[in-house]
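With the sequences and hints as input, model every part of the structure.
So in my numbering, spot 60 of the sequence shown is number 60, and the numbers just go up one at a time.
Treat the hints with care, since some could be wrong.
Derived lysine-lysine pairs resembling DSS-like cross-links, with alpha carbons at most 25 Å apart [what the hints assert, rightly or not]:
hint: 1; residue 1: Lys25; residue 2: Lys118
hint: 2; residue 1: Lys300; residue 2: Lys278
hint: 3; residue 1: Lys179; residue 2: Lys3
hint: 4; residue 1: Lys179; residue 2: Lys164
hint: 5; residue 1: Lys121; residue 2: Lys179
hint: 6; residue 1: Lys239; residue 2: Lys3
hint: 7; residue 1: Lys256; residue 2: Lys121
hint: 8; residue 1: Lys256; residue 2: Lys239
hint: 9; residue 1: Lys164; residue 2: Lys239
hint: 10; residue 1: Lys60; residue 2: Lys164
hint: 11; residue 1: Lys60; residue 2: Lys121
hint: 12; residue 1: Lys3; residue 2: Lys118
hint: 13; residue 1: Lys80; residue 2: Lys300
hint: 14; residue 1: Lys25; residue 2: Lys179
hint: 15; residue 1: Lys300; residue 2: Lys118
hint: 16; residue 1: Lys80; residue 2: Lys60
hint: 17; residue 1: Lys118; residue 2: Lys164
hint: 18; residue 1: Lys25; residue 2: Lys80
hint: 19; residue 1: Lys239; residue 2: Lys278
hint: 20; residue 1: Lys25; residue 2: Lys256
Treat the hints as calculated values from the structure; they're not laboratory data.
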Amino acid sequence: MAKLVFVWLGSSLPAWGRAALQLSKRLSGAEIILISNRIAGPCIEADVQHYVEDFYQTPKSWQEANQTFDVKFRDGFWVKTTERFFVLEQFTQTFAIDSLFHAELDNLIFNLDGLSTKLDKLGRGIFCPRDAVNRGMASLIYINDTSALSELNVLAANNKLAEKNDMNLLGDLLNNSNKFFSLPTEHQVHSTNLAQWDAVSPDDSQGIFDAAALGQFLLGIDPRNGGVLLFNGFENENKGCDLWQLNYSININDRKFTIRNRLNGQTFNLFNIHVHSKLFSQLTNQNRFNRILGRINNGKTTLMNIDLMQNRICRSIKARLARGSL
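What follows is the structure, encoded as structure tokens:
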């Protein structure tokens with residue numbers, strides 16, 4: 001089986017990230033590799049850890065190109081989400097790796113047994129889910145031709161797209177390159193709700209992937225983008241179907257997550273959940289996870305998080321305390 005590689009560019013690994021790695025290690029069945037900056041420190045939750053500084057040199061072309069990215073947003077978030085592909089390219093070259101799975105850290109990865117073999121039969125390049133015609137989402141991707149990484153990075157370094165981020169870069173290549181393949185998502189659940197793009201058949205992949213909408217619906221959005229009270233049941237504007245018409249279940253022993261279409265009884269294996277809320281501590285509690293799924297299956301939302309710092313008054317008090325003005 002291809003290895004599952006996560007990339008964390010930045011300082012210390014958040015607690016939720018360690019929980020995410022631990023869960024994906026348990027459920028995916030794959031060897032977990034973490035690529036991180038040395039400052040992040042050792043991570044025992046990964047099977048193997050490589051430090052960026054040991055093999056990566058930032059290309060001059062990328063140094064020049066990323067000057068046009070928004071570096072102020074969340075500590076250079078948009079720069080890092082694109083730069084990870086330069087890191088992955090040099091990683092595959094340094095360690096002679098021909099194929100790998102790559103997932104964003106805020107993803108819960110389920111049983112990957114046999115998936116790489118199935119996708120190898122369909123093409124060579126990068127397999128990536130998308131949630132819109134112009135947007136690819138690297139929540140969980142498969143790479144079996146590393147020259148596709150080079151193609152992506154050339155586009156990033158010469159980026160003329162209006163919106164400069166990894167999602168639009170992937171979307172452009174999914175539309176225009178024969179080395180980029182769209183993985184099936186909830187858009188393919190309803191045959192009467194065909195997506196506006198061609199995708200791998202769920203029959204060929206033996207499952208579907210979560211670009212963004214399923215994780216936001218089941219487990220809530222990023223608390224930084226919400227209010228004081230965070231509930232699940234959020235419906236992304238790019239959702240591929242009526243998410244309330246699906247039934248959700250997890251089998252820990254089989255390491256599988258299953259979605260059933262209530263309209264026709266058809267079932268789909270789900271390979272990942274994009275956990276935007278980062279609430280992995282709740283997912284480590286199987287009873288809690290099952291209760292969340294049970295409620296959503298019965299048409300009920302769940303209070304996922306309380307964050308008083310989303311309240312303007314609380315933020316003001318914290319800022320004044322930091323300044324020593326209280």
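Cross-check of the supplied hints:
Note on lysine 25 and lysine 118: the hinted pairing holds, with a Cα-Cα distance of about 21 Å set against a maximum of 25 Å. Taken as a hint, the lysine 300 and lysine 278 pair is honoured in the structure, with Cα atoms around 21 Å apart against an allowance of 25 Å. For the hint linking lysine 179 to lysine 3, the alpha-carbon distance of about 20 Å falls within 25 Å, and the restraint holds. Straight-line distance between C-alpha atoms of lysine 179 and lysine 164 comes to about 21 Å, which keeps the hinted pair within the 25 Å bound.
Under the criterion of a C-alpha separation no larger than 25 Å, the hint pairing lysine 121 with lysine 179 is consistent with the structure, at around 14 Å. Between lysine 239 and lysine 3, the direct Cα distance comes to roughly 29 Å. Violation of the 25 Å bound is thereby established for this hinted pair. Proximity of lysine 256 to lysine 121 is assessed by CA-CA distance (about 23 Å); at most 25 Å being required, the pair is judged to hold. Taking the CA atoms of lysine 256 and lysine 239, the gap is near 22 Å; set against the 25 Å cutoff, the hint holds.
At roughly 23 Å between alpha-carbon atoms, lysine 164 and lysine 239 fall within 25 Å of each other, so this suggested pair holds. Proposed proximity of lysine 60 and lysine 164 is supported: the alpha carbons are some 18 Å apart, at most 25 Å. Taken as a hint, the lysine 60 and lysine 121 pair is broken in the structure, with Cα atoms around 36 Å apart against an allowance of 25 Å. Between lysine 3 and lysine 118 the CA atoms are separated by roughly 15 Å; this keeps the pair inside 25 Å, and the hint holds.
Note on lysine 80 and lysine 300: the hinted pairing is violated, with a Cα-Cα distance of about 36 Å set against a maximum of 25 Å. A C-alpha spacing of about 29 Å is found between lysine 25 and lysine 179, which places the hinted pair above 25 Å, so the restraint is violated. With a CA separation close to 36 Å, the supplied pair lysine 300 and lysine 118 exceeds the 25 Å bound. For the hint linking lysine 80 to lysine 60, the alpha-carbon distance of about 16 Å falls within 25 Å, and the restraint holds.
Restraint check for lysine 118 and lysine 164: not satisfied, since their Cα atoms lie roughly 32 Å apart, outside the 25 Å limit. With a CA separation close to 24 Å, the supplied pair lysine 25 and lysine 80 stays within the 25 Å bound. For the proposed pair lysine 239 and lysine 278, the alpha carbon gap of about 20 Å is at most 25 Å, so the pair holds. For the hint pairing lysine 25 with lysine 256, the CA-to-CA distance comes to about 13 Å; that is within 25 Å, so the pair holds.
Comparing the model with each numbered hint stated earlier shows that hints 6, 11, 13, 14, 15 and 17 do not hold.
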